[in-house]
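Given chain U, put chain R in place with the hints provided.
2 protein chains.
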Amino acid sequence: MRAIRALAFDVFGTVVDWRGSIIAEGPALERECGLPSIDWPRFADAWRAGYTPAMDRVRRGELPWLKIDQLHRMILDGLLRDFGLAGLSEAALDHLNRVWHRLRPWPDSVPGLTRLQRRFVITTLSNGNMSLLVNMARNAGLPWDCVISAELFRHYKPDPETYRGCAELLDVAPGELLMVASHKSDLRAAKRVGLRIAFVRRPMEFGSSATADLKAEADFDFNADSIEELAALLSDHA
Amino acid sequence: MRAIRALAFDVFGTVVDWRGSIIAEGPALERECGLPSIDWPRFADAWRAGYTPAMDRVRRGELPWLKIDQLHRMILDGLLRDFGLAGLSEAALDHLNRVWHRLRPWPDSVPGLTRLQRRFVITTLSNGNMSLLVNMARNAGLPWDCVISAELFRHYKPDPETYRGCAELLDVAPGELLMVASHKSDLRAAKRVGLRIAFVRRPMEFGSSATADLKAEADFDFNADSIEELAALLSDHA
Numbered sequence: 714m715r716a717i718r719a720l721a722f723d724v725f726g727t728v729v730d731w732r733g734s735i736i737a738e739g740p741a742l743e744r745e746c747g748l749p750s751i752d753w754p755r756f757a758d759a760w761r762a763g764y765t766p767a768m769d770r771v772r773r774g775e776l777p778w779l780k781i782d783q784l785h786r787m788i789l790d791g792l793l794r795d796f797g798l799a800g801l802s803e804a805a806l807d808h809l810n811r812v813w814h815r816l817r818p819w820p821d822s823v824p825g826l827t828r829l830q831r832r833f834v835i836t837t838l839s840n841g842n843m844s845l846l847v848n849m850a851r852n853a854g855l856p857w858d859c860v861i862s863a864e865l866f867r868h869y870k871p872d873p874e875t876y877r878g879c880a881e882l883l884d885v886a887p888g889e890l891l892m893v894a895s896h897k898s899d900l901r902a903a904k905r906v907g908l909r910i911a912f913v914r915r916p917m918e919f920g921s922s923a924t925a926d927l928k929a930e931a932d933f934d935f936n937a938d939s940i941e942e943l944a945a946l947l948s949d950h951a
Numbered sequence: 714m715r716a717i718r719a720l721a722f723d724v725f726g727t728v729v730d731w732r733g734s735i736i737a738e739g740p741a742l743e744r745e746c747g748l749p750s751i752d753w754p755r756f757a758d759a760w761r762a763g764y765t766p767a768m769d770r771v772r773r774g775e776l777p778w779l780k781i782d783q784l785h786r787m788i789l790d791g792l793l794r795d796f797g798l799a800g801l802s803e804a805a806l807d808h809l810n811r812v813w814h815r816l817r818p819w820p821d822s823v824p825g826l827t828r829l830q831r832r833f834v835i836t837t838l839s840n841g842n843m844s845l846l847v848n849m850a851r852n853a854g855l856p857w858d859c860v861i862s863a864e865l866f867r868h869y870k871p872d873p874e875t876y877r878g879c880a881e882l883l884d885v886a887p888g889e890l891l892m893v894a895s896h897k898s899d900l901r902a903a904k905r906v907g908l909r910i911a912f913v914r915r916p917m918e919f920g921s922s923a924t925a926d927l928k929a930e931a932d933f934d935f936n937a938d939s940i941e942e943l944a945a946l947l948s949d950h951a
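Chain order of the listed sequences is U and R. Read in this note's numbering, the first sequence has 925 at position 212, and its numbers run on one by one without any break. Read in this note's numbering, the second sequence has 833 at position 120, and its numbers run on one by one without any break.
This is chain U alone, in the form it adopts within the complex (with noise of 0.2 Å):
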């Protein structure tokens, strides 16, 4: 068995609170721009939802090739008479839609990251594009060493070109490389390309009343709690 080189990590829900970030957000939003008290938690799950869709509609060639920000503003732009957002400017739309350059991170992210970067060089493998990871980068302070997205396969997860595309620009074998996701069918498609896996189970994720999927697997590498647990975890690989 090789020894782990680099770590490539899912962000939206692995690393930041999506969801929760939202949230916090609207009543700023509300005031701000004169709204009446709107269901955040639901918009917040509304706007997630249409996110798998349309990525679908990219591989199917019904939309050409998007940065997630414009799939992110397409879903938005369908939600606003929905949710009593169609009063908005269209910088109060540019700013919202921008919510997800702001997300914050769980509250281990942060020191996991920093202690994992010691050892393994450490990168984002996200659906989000390019500048939407660096402005989050810059402003939730995650050390990555390097920004690596979808964007730059014109792929998204889980398609395999991702995980073998950073494999190959970190320059390490896949079998060096530890995708790190709180989603299961992410690391199965890393799996299946030769990727090793670890699950970070996020159990609000999706707020207290989803039911997650968070059992451990026997035929994952690593199965932790927060990205410090399996900072610990790895502390002792050769």
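Think of the hints as simulated: they come from the structure by calculation, not from any bench. Keep in mind that a hint or two might mislead.
Same chains, same label: a pair holds when it works inside one copy or across any pair of copies.
Claimed, not checked - Calculated pairs, EDC-like style, for lysine to aspartate or glutamate (alpha carbon to alpha carbon, straight line, at most 16 Å): (1) 780 to 881; (2) 904 to 930; (3) 780 to 938; (4) 897 to 932; (5) 780 to 884; (6) 780 to 745; (7) 904 to 758; (8) 897 to 949; (9) 897 to 926; (10) 904 to 745.
If you're wondering where the values come from, they're calculated on a predicted model, not measured in any experiment.
Using the frame of chain U, we list chain R on its own:
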């Protein structure tokens, strides 16, 4: 005139001292590998001199796309006999080839970049491959927001695809991106596709006996003697 939002840095020569770093590693290699005394300054110059012709062979289609690590190794292999390095083991040659991953920054680079990063997105825009630039940043403590390499575009600088591709990934207009380099040809190519340009003089890049073109140019947006001076020049930028 649009405000500058991001800075893209040439790396070899502009941020790190490739020649001094290669020369500095020489004596250790001689000791560890039992080599005779080698003319390291002449060796460093010969290695670097092979770089542009090697990229031109890729441009003409005589070679497939290659990472700079591979070009460096090809050039190195051609120099071994002339410089008394023919007896090196494969492991020693690979280590020597990766000296480019260990290049040392000029003294002003880290403080200058750290200051610039407070206000601007800072990235590499280098012909060095991604893993080379990532390893260099880790070794040298270069605080990039992201690492952008010619490898992402399969075009080396000064091909226009590299400058345009960098602006596109950062999601800024060409006029919002400032290219920073110690080589005027790099800057003029960036300007042709609409980037702003900043010249940083590196009189010692090619050694004390070389005659570098250090003249400030009126059609450059900035002329500076260091990255720290560039940070000062940009400090009152709107």
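Here is how each hint holds up against the structure:
1. In this assembly of identical chains, residue 780 and residue 881 lie within 16 Å of each other by CA distance solely across copies; the values are 11 Å between and 22 Å within a copy.
2. For the homomeric pair residue 904 and residue 930, the shortest alpha-carbon distance inside one copy (13 Å) is at most 16 Å, but the shortest distance between copies (53 Å) is not.
3. Taking the closest pair of Cα atoms, residue 780 and residue 938 never come within 16 Å of each other, the shortest separation being 31 Å inside a single copy and 38 Å across copies.
4. Proximity of residue 897 to residue 932 under the C-alpha cut-off of 16 Å is restricted to the intra-copy arrangement: shortest distance 11 Å within a copy versus 54 Å between copies.
5. With identical chains, the CA atoms of residue 780 and residue 884 are at most 16 Å apart between copies only, with a shortest distance of 10 Å across copies and 25 Å within one.
6. For the identical chains of this complex, residue 780 and residue 745 are neighbours neither inside a copy (28 Å) nor across copies (50 Å), given an alpha-carbon limit of 16 Å.
7. Taking the shortest alpha-carbon separations for residue 904 and residue 758, neither the intra-copy value of 28 Å nor the inter-copy value of 44 Å comes in at or below 16 Å.
8. In the homo-oligomer, the alpha carbons of residue 897 and residue 949 never lie at most 16 Å apart, since the shortest distance is 25 Å inside one protomer and 49 Å across protomers.
9. Taking the shortest alpha-carbon separations for residue 897 and residue 926, only the intra-copy value of 8 Å comes in at or below 16 Å, while the best inter-copy value is 56 Å.
10. Taking identical chains as interchangeable, the C-alpha atoms of residue 904 and residue 745 are never at most 16 Å apart, the minima being 46 Å within one chain and 40 Å between chains.
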